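Peer 1: Using the sequences plus the hints, can you model the full thing?
Those protein sequences? They're chains V and L, same order as listed.
Letter by letter, the first sequence follows residues 1 to 138 in the working numbering.
Letter by letter, the second sequence follows residues 1 to 479 in the working numbering.
Derived from the structure by calculation, the hints contain no laboratory data.
Some clues are possibly wrong.
[Stated by the list, open to error] Listed below are several chain L residues computed to face chain V (Cβ distance under 7 angstroms; list not exhaustive):
1. I73
2. V130
3. V188
4. R191
5. T411
[Claimed, not checked] Restraint-style ranges between C-beta atoms, simulated for each label pair:
6. V:G59 x L:R420: 36 to 46 angstroms
7. L:V337 x V:D57: 34 to 44 angstroms
8. V:M86 x L:E35: 44 to 54 angstroms
9. V:G59 x L:Q140: 45 to 55 angstroms
10. V:C126 x L:G176: 40 to 50 angstroms
Please read these numbers as outputs of a predicted model, since none were measured by experiment.
Positions of the beta carbon are idealized from the N, C-alpha and C atoms, including for glycine.
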Amino acid sequence: MTPYRFLDHTADLRIEVEADTLAGLFVEGAAALFDITAGIESVRIREFREVRASGDDAGELFVDWLRELLYCFTGEGMLFSRFEIMVLSETEILARCGGEPFIGRRHEVKCEIKAVTYHGLEITRCGEKFRASVVFDI
Amino acid sequence: MTIPLKQIDAYRWEIPRTGKMRVPGLIFTDREMLEDIQQDQGPTQVANVATLPGIIKHSMAMPDMHWGYGFPIGGVAAFDLDEGVVSPGGVGYDINCGCRLMRTELTADRVQPNIEKLVTALFGSIPSGVGSSGSIRLNQKEQKAVLVKGARWAVERSMGTEDDLMRTEDYGRMEGADPGVVSDRALVRGRDQLGTLGSGNHFIEVAVTEEIYDETAARAFGLFTGGVVVFIHSGSRGLGYQICDDFLKVLGKVAAREGIEIPDRQLACAPLKSREGRDYLAGMACAANYAWANRQIMMHWTREVFLRVFEASPAALKMSLVYDVCHNIAKIERHEVDGKTRDICVHRKGATRSLPAGHPLVGEVYRSIGQPILIPGDMGTGSYVLVGTEGALKETFGSTCHGAGRVLSRTAAVKAARGRSIRNELLGRGIFVMTGGRDSLAEEMPDAYKDVDRVVEVVHGAGLSRKVARTRPLGVIKG
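Peer 2: Structure (structure tokens):
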């Protein structure tokens, strides 16, 4: 069970993810993206790729990371289900992502995410938990 | 946060200027829809847009407005070319998402018995659904030609006629497109999606003209009671999404550099006179042109399907374009502001241009009548054809609504549809639907939308456009 939940938004998809660490938050955000797109259960790990992103602060970095991953699908047809964070700073992330190319007869696109937006973006820390909410344009 | 709204008359509510707002907000609606509008963050977004530099007169929203990202959907705002900004958030990801309408000589009694065959043939000929790719594969040189030429590119390849271009907003081609500012990523995403419908709220709808409100305009548009028409609603596909995405990142940094305070990151913007602002407009024009070529190609295939299914000659079918409008765009247009005529940048995000008879931007075909406006409703109710007015030119920089507007979120719609067969419910109303996506029927079901009749009554009553005809759906392809 992926720990993300849907928040209300009239036109688009707004989700909230939660994790114990900031790195965990980036992993959960990525998992949510691919779960919404194609169902993460259906993605086998057959190859690894390095994905890099940068931003001026944690919020922008979070969005940029998801934008890079989304392009891996929309531009290159890759689905991922495992994310190993190798470098994470305030402004940069480098991760090793495991997955496989989208195959029509095995995968189903559940929902086309057009883009990851900056709208209403929030990364907060509540006690021991990190939390982020983000709106996907669909 | 509750935004204070002051009623001006039956159709207008003002958001008084407070805090960092540079101008007041103005929402066109009626009392009943106002309750829905106040349920989400749409009014806050109208107020946010009002804080942007160089905004002129009002930050506006049409009656189909709802919560978007950055600008509200249904948002209209114009900016001074010297002091003002351009914002990709005021256009949206689906640049030049728009609608076109074709008319035919066919009547409903001939089409209704064949609707299943017709919709199935359309579904088989026009790729739809998530990430759909088409039969046209573009090399980079050809793709760049599409980005510069727009619908003309398709016409030059025998997918349409000169007459189609005469009946398209801006003749299907936006000036100033520069493929040099378009990223490789955008080109990759666009290379095999030309001539595809896409997913979400995109559709092709076969409908019948049910009611005529303005005989003269309807005749000029080729519409008659009982006549069959086709709507095509789509946009610039992955190419447009990527161009918007690329520039949001760039313009976010420009806003910071220029000291422009933005209340929402999605309102990233750049001065219209900055290089980045001009580059965005040049990239946006590329996507706009791609979208016009896309709708032109799908119309061409739709025509071919009709000719085949009804075994008719083009002369007998008289299937021609009524008009094509875009409803996600920013344009430099000439308007009268405080008694002076000047060029300004009008953002329409989920709003349609509305120009009256005699306006120089209305093509010659309709100059004496006014610009046709296409308002698709939800797939179970109906759609409208309107005509542009002086009122819009005076009050909204020549803008009106663009559709019914969502009222339920997609997840709420899927929940509300649980245990129901939306397909059979529509069939019960005589509407045959085919869809590619698993949840798209539920997400797009009629209950998810505002009442299009009410939306149109507001723009008609407020004088932002005038009713010409109403159509009822017979068959729909949903992406």
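Peer 1: Each hint should be assessed against the structure and marked as holding or not.
Peer 2: For each hint, the structure was consulted:
| no. | hint | verdict |
| --- | --- | --- |
| 1 | I73 | holds (6 angstroms) |
| 2 | V130 | holds (4 angstroms) |
| 3 | V188 | holds (5 angstroms) |
| 4 | R191 | violated (10 angstroms) |
| 5 | T411 | holds (5 angstroms) |
| 6 | V:G59 x L:R420: 36 to 46 angstroms | holds (39 angstroms) |
| 7 | L:V337 x V:D57: 34 to 44 angstroms | holds (38 angstroms) |
| 8 | V:M86 x L:E35: 44 to 54 angstroms | holds (51 angstroms) |
| 9 | V:G59 x L:Q140: 45 to 55 angstroms | violated (35 angstroms) |
| 10 | V:C126 x L:G176: 40 to 50 angstroms | holds (48 angstroms) |
This entry does not satisfy hints 4 and 9, going by the numbered hints stated previously.
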